Each structure stands twice: as C-alpha cells, then as structure tokens.
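Undergrad: Produce the complete structure using the sequences and hints provided.
Top line first, the protein sequences correspond to chains W and G.
In terms of our numbering, the first sequence has 103 at position 102, counting the first letter as 1, and numbering is strictly consecutive.
In terms of our numbering, the second sequence has 103 at position 90, counting the first letter as 1, and numbering is strictly consecutive.
Don't take each hint at face value.
What the hints assert, rightly or not - Which bits of chain W does chain G cover? Going by a derived footprint, with three or more residues having C-beta under 8 Å, they are:
1) 40-49
2) 69-75
What the hints assert, rightly or not - DSBU-like cross-link-like pairs, simulated, lysine-lysine; straight-line CA separation at most 30 Å:
3) G:LYS123 to G:LYS62
4) G:LYS123 to W:LYS42
5) G:LYS123 to G:LYS81
6) G:LYS123 to G:LYS90
7) W:LYS21 to W:LYS56
8) G:LYS123 to G:LYS73
9) W:LYS15 to W:LYS65
10) W:LYS42 to G:LYS73
11) W:LYS15 to W:LYS67
12) W:LYS56 to W:LYS67
13) W:LYS42 to G:LYS90
14) W:LYS15 to W:LYS42
15) G:LYS90 to G:LYS73
16) G:LYS81 to G:LYS69
17) G:LYS120 to W:LYS65
18) G:LYS62 to W:LYS67
19) W:LYS67 to G:LYS120
20) W:LYS42 to W:LYS65
21) G:LYS73 to G:LYS62
22) G:LYS120 to W:LYS21
23) G:LYS90 to G:LYS62
24) G:LYS120 to W:LYS56
25) W:LYS67 to W:LYS42
26) G:LYS90 to W:LYS21
27) G:LYS69 to W:LYS42
28) G:LYS65 to G:LYS81
29) G:LYS120 to G:LYS81
30) G:LYS90 to G:LYS69
31) G:LYS90 to G:LYS120
32) G:LYS123 to G:LYS69
Claimed, not checked - Just a few of them, taken from the derived set where beta-carbon distance is under 7 Å, the chain W residues facing chain G:
33) ILE94
34) LEU101
35) PRO104
Just so you know, the hints here were simulated from the structure itself, not pulled from any lab data.
Quick caveat: nothing in here was measured; it's all calculated off a predicted structure.
Every residue gets a Cβ at the ideal spot worked out from N, C-alpha and C, and that includes glycine.
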Amino acid sequence: GAVVSQHPSWVICKSGTSVKIECRSLDFQATTMFWYRQFPKQSLMLMATSNEGSKATYEQGVEKDKFLINHASLTLSTLTVTSAHPEDSSFYICSARASLNQPQHFGDGTRLSIL
Amino acid sequence: GNSVTQMEGPVTLSEEAFLTINCTYTATGYPSLFWYVQYPGEGLQLLLKATKADDKGSNKGFEATYRKETTSFHLEKGSVQVSDSAVYFCALSALSGAGSYQLTFGKGTKLSVIP
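TA: This is the structure:
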C-alpha cells in the first residue's frame, strides 16, 4: 500500500532553533500534501495544504512566516518551524494524496520538543 | 461548515466485548466518510471508508455504514482484542469553504481493551 515517510520522528532542540521536517511519498506521486498539528489528547488540526509547485494555503490562525512549507516535488514536502519556542512543541503529522479521489495517507508523525 | 462529532472517551472494554463508537457529521454536499486509527506514538492509518450513502466499510473485523438519513457513521466490532487499543478518529472529506477537498476530523476516541 501507499507509504508516507516522515523524518525525523523525534527532535529535541533549544529555543530559537529552526527545525525542518520532511515528508516523502515513497510509492506514489503526491499532488497534494497536508500538514497537521496534534496537541496531547486532541484531534488533528490542519495547518496548511500544499500543491506541488504552488504556494501553500494556510489555515486561519497559522503563521506563514513561522511555519514555512515547501512542496518542490511530487514526492517531497518540508515544514520548517522557524525560531522555534516551547509553545511550538507538539506532534506534527504530514499527509499526502495522489489526486482528489484518492484517500490521504499519513506519515508516522514528528514529535517536536523545544527546550 | 463541515464538522464531525464522535463520542468522547476513553472507552475501556474487556477482551471479546462488543464495540460501538458513535460518529455523526454535518457537511455540505455528499461527503466521503472515514475511520482512522492511531496507535501510540504513530501517525494515522486508514481503517475503513465509505463514499456514498448505504455503503458499508469494513476492515480487520471493524465495520461502519454510511447512514445519510441520520448523518452517522458509527464504528462497530463484534469482538475486540487487546491489540485494538488505540485512538480512533472519524473523519469526512468534502469541499471546504476554500473550494478544496479536505479531511475534517472528530476529536478522537481512545479505546483501551483489557485482557
């Protein structure tokens, strides 16, 4: 079945550091990728949607300059948390979809801890 | 807007008990409906789906029927196992206000199955 690989799975870093998370579709071309944030014991909150070669569409309340998303190819999207602070600590999950009538496949998530 | 409401957990059951997790939705148009499962420390996995009214999705002993008249998609399993312990998310895919297809998730229901 379709596989989405997310890396790293866990990162701990100091406040002020920028952190990049990668999301790759391993066996299909993802025209659309999604980035979610999940707080403890809560559901997934969609942060942004990106189509290959286009600028990402951010959900209301998500800072574009804080969470930089790049979807440069059909198999790779990156999320960069710039100048991360403790309140950015969370579980970030990416998802990829080949086309509109195909289901979304999820990565295993990245746990980000900012000290 | 689109929304999903699912029963709050946690739900604790003994092995071989019957499971029902209720899910209702509101959406414009004709959404597709999904159940995802999240095991501890992992991303989401698609468990089952239904794309039109009266469809029944099934996988690994789990079932859910798309009921348009009651706008529901309740998850059931006749005999749960300890390995079913996870968080279950009900979701729908429909056109968002921005004109794109997005998944909208319920808050998740944590299931714990004890031997």
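Undergrad: If a hint holds in the structure, say so; if it doesn't, say that too.
TA: Tested hints:
1. 40-49: Answer holds; 5 residues pass the 8 Å Cβ test.
2. 69-75: violated (count 0)
3. G:LYS123 to G:LYS62: holds, 19 Å
4. G:LYS123 to W:LYS42: Between G:LYS123 and W:LYS42 the Cα gap is close to 9 Å, so the pair holds against 30 Å.
5. G:LYS123 to G:LYS81: Distance ~25 Å between G:LYS123 and G:LYS81 Cα, so the pair holds.
6. G:LYS123 to G:LYS90: holds, 15 Å
7. W:LYS21 to W:LYS56: The given pair, whose Cα atoms are some 17 Å apart, holds under the 30 Å limit.
8. G:LYS123 to G:LYS73: Measuring from Cα to Cα gives roughly 18 Å; hence the hint holds.
9. W:LYS15 to W:LYS65: holds, 21 Å
10. W:LYS42 to G:LYS73: holds, 25 Å
11. W:LYS15 to W:LYS67: Roughly 16 Å separates the two Cα atoms, so the pair holds.
12. W:LYS56 to W:LYS67: Status holds; Cα separation ~15 Å.
13. W:LYS42 to G:LYS90: holds, 23 Å
14. W:LYS15 to W:LYS42: Status holds; Cα separation ~25 Å.
15. G:LYS90 to G:LYS73: Status holds; Cα separation ~9 Å.
16. G:LYS81 to G:LYS69: holds, 12 Å
17. G:LYS120 to W:LYS65: The given pair, whose Cα atoms are some 25 Å apart, holds under the 30 Å limit.
18. G:LYS62 to W:LYS67: At roughly 34 Å apart (the allowed maximum being 30 Å), W:LYS67 and G:LYS62 break the hint.
19. W:LYS67 to G:LYS120: Holds, because 25 Å separates the two Cα atoms, which is no more than 30 Å.
20. W:LYS42 to W:LYS65: At roughly 25 Å apart (the allowed maximum being 30 Å), W:LYS65 and W:LYS42 satisfy the hint.
21. G:LYS73 to G:LYS62: holds, 13 Å
22. G:LYS120 to W:LYS21: holds, 27 Å
23. G:LYS90 to G:LYS62: Holds, at roughly 15 Å.
24. G:LYS120 to W:LYS56: The given pair, whose Cα atoms are some 29 Å apart, holds under the 30 Å limit.
25. W:LYS67 to W:LYS42: holds, 24 Å
26. G:LYS90 to W:LYS21: Outside the cut-off at roughly 40 Å; violated.
27. G:LYS69 to W:LYS42: Within the cut-off at roughly 28 Å; holds.
28. G:LYS65 to G:LYS81: Given that 30 Å is the threshold and the Cα spacing comes to 8 Å, the pair holds.
29. G:LYS120 to G:LYS81: holds, 21 Å
30. G:LYS90 to G:LYS69: holds, 13 Å
31. G:LYS90 to G:LYS120: The given pair, whose Cα atoms are some 20 Å apart, holds under the 30 Å limit.
32. G:LYS123 to G:LYS69: holds, 23 Å
33. ILE94: holds, 5 Å
34. LEU101: This interface hint holds because 6 Å falls under the 7 Å limit.
35. PRO104: Since the shortest Cβ distance to chain G is 6 Å, the answer is holds.
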